[in-house]
Structure formats: structure tokens, C-alpha cells
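A.B. asks: Let the sequences and hints guide you as you build the complete structure.
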Amino acid sequence: MTKAKDVWVVAEHSADKIEDVTLEMIGEGRRLAQKLDQQTCVVLIGYQKPPPLQLLSSHGVDRLYLVDDPLLADYTTDAYASVLISFIKQQLPSIILFGATANGSALASTISARMQIGLLSGCTALNINDAGILQATRPLYEDKIYSTAVFQASTFPRIATIKPGAIGVGKAELSGQTQVEEVHPHITAEDIRTKVIGYTQADPRTLDLAEADIIVAGGHGASTMSNWHLVEELADALGGAIAGSRMAMDDGWVTREQLIGQSGKTVKPALYVALGISGASQHTEGMKESERVIVINKERGAAIFKLANLSILADLTEVLPALIAKLGELRRSATDSENNSS
Amino acid sequence: MTPVSDIYWHISGYAIFWILFAIAFGLFAQRVYFLFRLLRLGRREERFQSLGRRIKTMLVEVFPQWCNLKTVTRQDLAGIGHSLLFWGFGLFLIGYIIFIGLGGGFGLSSVLAGSTFETVYFSILDIAGLFVSAAIVWAAIRRYIIRPERLEASFEAGIILLLVITLMVLHFCIEGFGYAAYHISAPWPPIGAAFANFLISTDVSESTLVAVYKGVWWLHYAIILGFLVYIPRSKHLHILASPFNVLFKSLAPKEALKLIDPEKAETIGAAKIQDFTWKQLLDLYACAVCGRCHTNCPATLSGKPLSPREVILNLKDHLLEVGPQLLSAETPSANPGTAMIEDVITEEVIWDCTTCYACQEVCPVGIEHTVKLIDMRRNLVEHGRVSPSVAKALESVRLLGNPWEQPQSARLDWAEGRKVNLIQDREEVDVLYWVGCAGAYDPRSRDISLAVVSLLERAGVNYALLGTEERCCGDPARRMGEEGLFQMLARSNIDVLKKYRFNRILTHCPHCYNMLKNEYPQLGAQFEVVHHSQFLLELIHSGKIKLQEGQELRLTFHDPCYLGRYNGIYDPPRQVLQAISKATLIEMRLNKTKAMCCGAGGGQIWIQSEKGRRIEDMRFEQVQEVDAQIVATACPYCTIMLDAVAQIKEPTGKIKVMDIAELVVRALAQ
Amino acid sequence: MKIVVCVKQVLDTRVPLAVNGSVVQKEPSPVYIMNPADRIALDKALEMKASLVGEEITVITAGPARAEQVLRMALAAGADEVVHLEDEAFEVADAYTTALALSRVIKELDYTMILCGNRSLDIGAGQVPAFLAESLGIPQVTGVMELEIMSPGRVKLWRRLEKGRRQAIECPLPALYAVDSSAGQPRYVSEFSLRRAAKRRIRSLTLADIGLTQADVGPQASLIRVVSLSPPKPRPKKIYIPDGSLSASQRMSYLLSGGLAKGKESSLLEGTADYLAQQIIKYLIDEGILPK
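Chains as they are written, first to last, in the numbering used here: chain H, 1 to 342; chain R, 1001 to 1670; chain Y, 2001 to 2292.
These are computed hints drawn from the structure, not numbers from a lab. For clarity, every value in this text was computed on a predicted model and none was experimentally measured. Backbone N, C-alpha and C define an ideal beta-carbon position, used for all residues, glycine too. Be careful, since some hints might not be right.
[Said to hold, decoys possible] Among chain R residues calculated to face chain H with C-beta under 7 Å, some are:
no.: 1; residue: 1389
no.: 2; residue: 1443
no.: 3; residue: 1608
no.: 4; residue: 1644
no.: 5; residue: 1647
no.: 6; residue: 1648
C.D. replies: The structure is reproduced here in C-alpha cells:
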């Protein structure tokens, strides 16, 4: 039997960009590949996707497989799974990483089921131990318990899905050239049992808070006529959803759907910005599990500072305009450099 | 001398009299019978126990009009007016029976006419007539000119006022024209005689006087009969219904809800009008639309859709509307076309209630508003029609034994670092301290538990806690309509309590107090329960706790609904506060039986109605109206609600919210 | 239309957990719930029944004896029939072996649609839907937020993608749809209805009834093996997402120790608006929220 080779990363991508989780997987995949003395490859499945060579090269990707077909324009489990499986059987990778996203998880599970191989899903870390065994760290019970798991059998490939945000995007400072290989799979419409009709995008401002990565919440200190627009502008600048405490809801700035707290929603975003919120337990009950909390409040003794990762004692009307302006500058210079580099 | 003895167009006056009476009485009886049949659509309920006590209550409430006099306040003297009307009209009614009935219809006027009895009685009626007229005029001015919040300037009310004053005027006319026409001159009855003298002084002919007299007499009779027909068809039905409503008032402790046996109950709670009991339906008849419930309800005052008056009136209209259809239906459980829940009473209204009992406290005729709303909640819960926040709280109670989504094993975390006595380690104790869910899990309320424990220790009380064996008393579940969950919790708690030996249960939470004392007996338990306000008073009086002398604090007290209105405990907390501070306790405008709810009760702290203002905001504004530095509370929910508002409205701490136990701790002598 | 709903009983994660060989609760008596995503799936089935689209709902669980609890809940909520595939082996079975067993039961049933939760609260591998669909040979749609019956046999579904995006997709019946836990709020089931459900019949199956042995679903038959479990640590308040260039072990030690931020503890920053805005942006860049 030919020895399995290469660590693959199945890219997560949206209309025009490669998602961060792909870069995270590339970083983790590379570490594994180096230990195994294998190559790091990215598999980009889609239709007429411009290959992001510069980006992949700077993250140390050796090879990019561009799997292209009109029937792959939208993600369907049937199409992507059958295409990937035949490609896997051709190329025999040793490890394949997927993002633990809606599509990535569906794809990986289906591959696992069709090929009857194990899948380690929702991993926060992978490593190869001293005995040469691939181990994964998986959180269980809503991140309350961590498990270390391995594959039972010795079949290849080893497949795993990686939790976005667990690894972190590495620095894009490598030099090298990613080789590109175009792959044109055999696939017909009969192979695909479902049909994609379309997509909808929720307005980030009114996005269901349970799905928002970033939440900007206003409380009593922000709920005045002249101040609330700062909350909205900051949310826009960060691409976050707008939420509020009971005071903000009573004053009419947010709806019941945007209320955070005991009588509203419980959220666990990657970033929670609390503006002018005092920190009564009725509110903090709903956001205390947030990964990162930035608090801006002008009352030194506000209870909410206890939950903050970053505490800012200031007047909203002074800090926010400055912050919003700086974020605007950053975005402009980022767009400029993107334009320049392409 | 009554015109009944005359012949009119060859028809005997008696015939006319009795035919009219038969028609009127027939219409009256038909309507009353119909209303009675509607009551029988309702479910059974035992309200005949202790009949002697019931009759006594009814006699005291109705005849001396205690039901109305007890509602009199400096701002609202209407109770006096109604009492005058009632007594006045009572005298007139007796007068009608004697002089119109016996005198007229039975032809005994010859015996009565001119008798001393008649003179005396008519004199009494003259005075009564003046009072009644004055009361009517006052009532009309109030209702149509002054227009206080609780009264509606309705057409129906206007008709009744008009009819009554007309009867008074006609009474004087009958006297005046009668005495003048038949040349009876005497100084009594005073107004009748004066009017007669006046008529004689004018040169009206005798025949005119006689004709007018007869005309006025028959008109008066007709209006009385008209009233008889109108009473059961208007809000004046309350005349007939309210004495019975008072007779059948609940003898149980306030708000002790009915225990449902799910095996026997056909429907859980009330979905259709026939699901209510006959007594609950009688309530609808007894309403006099006085509007007191409306102006005392915290939900109404804070602009929410719920108005107890509207609930009662809408249900009454609904009963009368679908009644005929139900009476002729094949099965008693037929579904009338209009849905009671949602068409007549919206779900929003059902969930707005805080069960504060203000409506029932102030209702003169003993209507039980909250019981109906909770019965409807029971039905909604059975069908899963609850909001996500209610579902979350109830699931939490079911799975974790408390509504705060905290594990049962964490019930003693509040006492971490502190040595507390656990009953599991003891043979027997004097006092079992029931901490309650708020006291165990809520960050603010934990301070109250700590304060109580330190006082118990200071006073050397032989106490112990149930620790992690304690589960929710069931008040949130029961008040939100989850009767099954309440029963499960109560049984479980009773089983646990029965394992241990103690004299009394002490609790700082009036909801737990009310449950353990008044509602657990429904499931077979009998515990002696004491609230910490009473217990602390005992400790202070017996000298087991010594307080500093001469402290001067500007204190006011917020009466918790479940301590005050539900259990009549108003004084002990005040006495405790008086022991702490030399300065006179400041009383808020709305205090004791009139105290405004903090907005948390009846599960409202989890229901969180969306419309209108927040009740706790309004209550705190009332605190701000008086010049107090501390508002004392005696309930963890009140503390939570008012403290949350204080954090926002008084962030500098100018007004503090503190439980009486915390205040006692601060006031301890060294 | 006959609907089969697969549900799982899981430990309530609101209660403190401990590791004692396996994951256990530190409670006087353990608290179990129906997996939230499965609950929503069941609610979706009940909605379809209420709107007369669905006719009969059969709820299945594969679990030890205590799993009866979730079947009682399903009955109280309105399921027509419930099936308990009972064996202690399901305490530790993985997604593959669980799905294998379930598929054997479902193969014998008459169904048009299978609903289940997208993933479970406990292990959360999220693989049972795919395994089930593949072994039954039917298409699957995961991450379902809403579904609409367009016409008999034709269903339109909305899948939850990241950042509030939804994919609208048509999938013909028979099929399996895995429902996302945020697709709705669980409908409340009253205590009285649970009591009534306690008297109703549960169809009980053993492994032998479906031609399997304990070895077939035991740990040896699983595709994945858990090597160790770490006891829960107080959730580190200051989780610092570290540099992607660090090794896995280094990153894990950061996560479990409460984060690098110990040194950069959240002390109250004060200063000019510009300075503070600068600090916020630096923090966001360090944390990877903003690009470098």
C-alpha cells in the first residue's frame, strides 16, 4: 500500500475571501506536516475561484488543489463529498482538516460516514504525540470539559474539524511559492439530490445575537438621544450586532430581540463591548460567558468592570468618536493596501 | 286613598296594579332565572361551609354598609355617599312594600291613611329622600363633572341616577299633591306638608290636584316596576348579587388557590367561561363598576393592558353573550364561538398580573380577580403557551429546584466561609430557617440571609438550615399557573420537612411564608411559620438582641404584598424599625393596605411584561417623594427590584434599599 | 406524513460536572434533559402535525434505562409513539455505533421524514445525522433553522451558515434533517402532562431485537476513542487567543491557565480619548479581532 502523504486543509471560503479558520488550519496543519515530513496542501472546492496564492504562500502552503466545476459553485453535501472522496482515493492524503463550520462539519461527517472512517470534530488542538499518534483536544459539555481523543483504527486519512478561533491565525511572514494544481472532477447533476435556491444575509446590526461574533451593547449611560448613534456607529465600524440592557430597551433604543440579560438573551460572543452599562446581575447573567469583554463606563464603581478584560474609565461621548474615527482610518488603509497589492 | 281603588276606563285599579306587577315581576324573574342558569354552567365549588360565619359577615358588610365604609379615604369619600343611598333606598323599599304593596295593592290604604305610623314613616322617608337626593346630585357631579379616574361617565350610570332622583321627586309630589288634593293639613311629614301648603296657596283647582296626584302616583309605581325589570339587566344587578357574593366570600387565607386534582379535572384551569366555578361567575354579577380595582392595580397604573375592572366586565359580557348558546348546547363543555382566552381576555393581560391583591383588598363586593387570571394561566401552561422567559424559569424550577438556573448543590454557597447550623447534623432545633431561592442564589438577597444568620447566632437561637435539601417553595410555579410543578415541589418539601424536628419555620421571604403557612396545608402539612419581621421583634422585645440607643435615621417602609395584604402583617416590621431609629417612621402615601407592589410578584420578575412603565420605577419614585435616606424592605424580591432602580436613579447612594435584618445588624449594640 | 424524531438524553450542563472515569455531575441526584437541539427538532415535528402536514410522530432514543425520561417528555409534548432502544452500552457509544443501532430500528419503520438535532450538548460530535442518512440511503440537510413543505415530497429548508447567513435549499423526501438548537425556543411541557405521559406505553427494544450485540456498539466498535478527560476548571475569565505560531501544547496551557492576560490584568485605563482609543485598537489587534 502506498504510504499516505500530505496534510490537507479543505478551505472555508465565502464569495470573495478565504475565511480565517482556513488560515488557522493551515498553521496547525503545517505543524503536523513538518513533524510527519509531509507537505501542506489546501483544497479549494468551488467554481471559478481566484486562487489566493499570495496569502497561501505567506502562510507556508506548499500546494493548492483548485477543484473546479460549475456544479460546485454552491456548497451541497452530495457534490462536495463525492468530489472530495474520489480525489482522496486518488491522492491518499494522510490528514485532512476541515473547519468546524456549517458546511465543513457537514462535509467532514459525510466523508466519515461514506468512507467509514473516524472523524474528530470540533477540535481545538491537534498534535502528534511521542508515539507518533495523532491526538486531538476536543471540548465537551459546552466547553466545560476537555477530552483527548484518538482514532481507534489505523485507516487513513485521519480527518478532523477545527473549531474557528481556537488556534489563532499565524503570522503571514513565510516566503515560498504555493504550487497550483487544477482538478476537474467527474460529477453530474444526478449525483446531487438537493438544490440550492439562494442565500440571505442578515443585516449585521440586527443579526440574531446568538450568531454574532461581536456585540456592541448600550446601557443606561448610552441611552440618550444624542449618544445612541455612537453605539450604532461603533457596531458598524466593528461589524458587530447591536444589543442593549433593559434600560436601553425601555428607552426604545433596542427591541426585545436585542435585549441581553435574564429576561432577554444569553450570548457568548467573541467580543462584547459594554457601553454605559452598570452591570446589574440581571444583565450580566446574559453576557458573562463572553470570550472578551471591553467595558467603557464613566462610573468608577460600576459592577461590570469585574467582568472586563479591558476596562476603560471614560465618557462615551469622548472616547467613542475617537475610536470610531481610528477604526475608519484602519479600514481605509487596509483597503488601500489590498488594492495596492492585487 | 291610593288611586288603586279607582276605576279607570271600566277597569279596576286593582286589576291594572296587579297586571302591571305581574308583567314586571315576570320579566324580573325570567331574567334572574336566566342568570341563575348561567351560574349553573360553572363548575362546582364548596362555598357553604361555616354558614353561620358567612351569614354574620354578610350581615355586617351589607346592612351597616361596612363593605363601602371601609373603602373611604380622604381622597375618596364616595363610600359615604353610597351608604346614604343604600340606607335611604332601603327605607324607601320598605315603604314601597307597605304603602304601595299593602296599602295599594291589598287595599289596606284605609287602615294606613292618616295613621301615626304613616306620618312617622313618611317623615322618615322625607329626611331619607333629602339625603338620597343630595347623594344623587353629589354622585352626578362627581361622575360627570369632576370625572375621577375610576368612574366612567356612562349612559347606563346616568339612567340610574336619573331614575332614582325622579323617584325622590315623585315621592315628594305624591305627598304634596295628595295632601293638598284631600285637604290634609298637618306639619308632618315636613317636606310633604310644606309642599302641600304651597300647592294650596296657589289657586290650582281640586280636580287638577287630584288628577295630578293620581298621575304622579301611577308614574311613580311604573318607574318602580321599571326599575325592577332594569335591575337584573344592568350593572345594578349588583344589588341582588353582591350580598350573595359576600356571603360566599372565600374563607380560606387570601389567594389560596384551588388545588387541582389532575385525575378529576376535565380541563386544567380555565379556557372557556364554563370552566370557571359558579362563584367565579357570581363575581361577574356582583360588580358595580366602581372602578376601585382599576385605580389600585399596579399594572393599570403603569400603563399595561391589564385592568381588573375590564377583565371582570369583559368576562361578564362574554358570559351573557355566549350563555344562551351554551344553555341550549348538548354538552356542557361545548365551545362557544368566541374564545375566552385571546378574544375576550388577551394572553398579554393574563400575564400582566403581579398577584399583589390590591384589587381584591379594595373591592367592596368581594370579587376575586386574580384567581380568574391564574386559572387562565393554568390553562395556558397546560398548552405550552408561555413566553420563553417563563418557560426558562419553570424548567429551571423543575430540573434544578429553583428559578435562577443554579444547581441545587450550590444552595449553601451563600454561606461559604461562614459556619452555619445544618439540620442534618441535629436532633432537634427550635427554629428551622428556610432560606428560599432568592436568599440562596440572588447576589443581592444573599446579604439578607447572611444578616439573618448573624442575628440568629447573636441571639443564641437554636436554629438550623435545610441546606441543599431545600427546594423552591413553589410560589413562582403556582402563581405562573404551573400547578403540577407546585404540587410536586410541595410534596417533596413536605417529605423533607417531616424528617426533621423543629418547632417553627422562620423565613425572611413573604412568598415562602405564605406558601408554607397558607397553602401547604392543602397538601396535608401543618407548620408553624414565622416571618423574620415578627421573629426579630420577638428577639428585640425579649432582650436577646440589643440595639444601639438614640439612632436617628430617616426610614420609610415598603410593605411587601405577600406580607401585608396577604397576611395582615403590617406592624411587626414597623415596630422593628421604630426600635432601630428614634425618629418617627416616615410613611409613604401608598402604604399598608394601599401599598403599591414592587412589580416582582406573581412570577412577574420572570414574565417581564413589555408595555407601559416599569412598576418598580413608579414605586421608587414614591420612595423619592418622601424624605427618607433608607427604604426598608422585608422581602427579597422587593429588595431586588427597588435596589436595581436605586442603582440607576440614585447612583450616589442618597437613598439606600435595605432589608430590616440588614438594618438590625447595623444597629446592633456592641 | 410520518415523521421519525431521534432524541438523546444528556446531562444538564448547568450543573457542575466532574470527571470520575467518565463525566459525572456533582449533585445529590443527577439532572438530565433532552438534548436541546433534539427538543427543537421535536417541536418542529409537532408544528407540522398541528398544521396537519405531519400525521404521526414516532420518537426514538438509544440509551440506558434512564433515557426513558426523554421519551416521557416526548409523549407529554405530543408524540404518538415512542421507542426505547435500551442498553447500558449506549452510555459510552460513539456517533458511529449509535447511528448504526438507530438505523436498524428506523429501517423497520415506515417514515417519510427523519428529524434530529444537529449536535448534542454533551459530546457534540454532530456526526449521527450524516451516519444515519448514509446508512439509510437518504439525503441529509444539516443546520436546519426552518423548513417548509412546498408540496408532498418537496421541502424547502433554510440552513444556518456563519455570521447570520442562511442557505435556502430544496431537498426531496424521504430525507433526514438535522435541526440547529437555535432554530426555536423549546415549547413548555407542563408537569401535569408529564404525569399523564408516565402512564403511557413505551415500545422497548433490545440490541438482540435489532440483531446487534453489545460488542457491536461497544467502545471497541467505535471509530474514535477517548484517551483522557480533564476535570472542569473554572472557566478562565480572561481567555487570550494566543499567537497562531505557538505550538498546540503551549496554546493549551494558556487556555487552561486562564490566559496570558494575568500580567495584563484589566486595570482601569484612564486618559485622553485618543490614548484610550489607541489602547482599544491595540487590544483588538492583539486579540485577532482586527487584522494586523
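A.B. asks: Check the structure against each numbered hint from earlier and tell me which ones fail, lowest number first.
C.D. replies: The structure breaks none of the hints.
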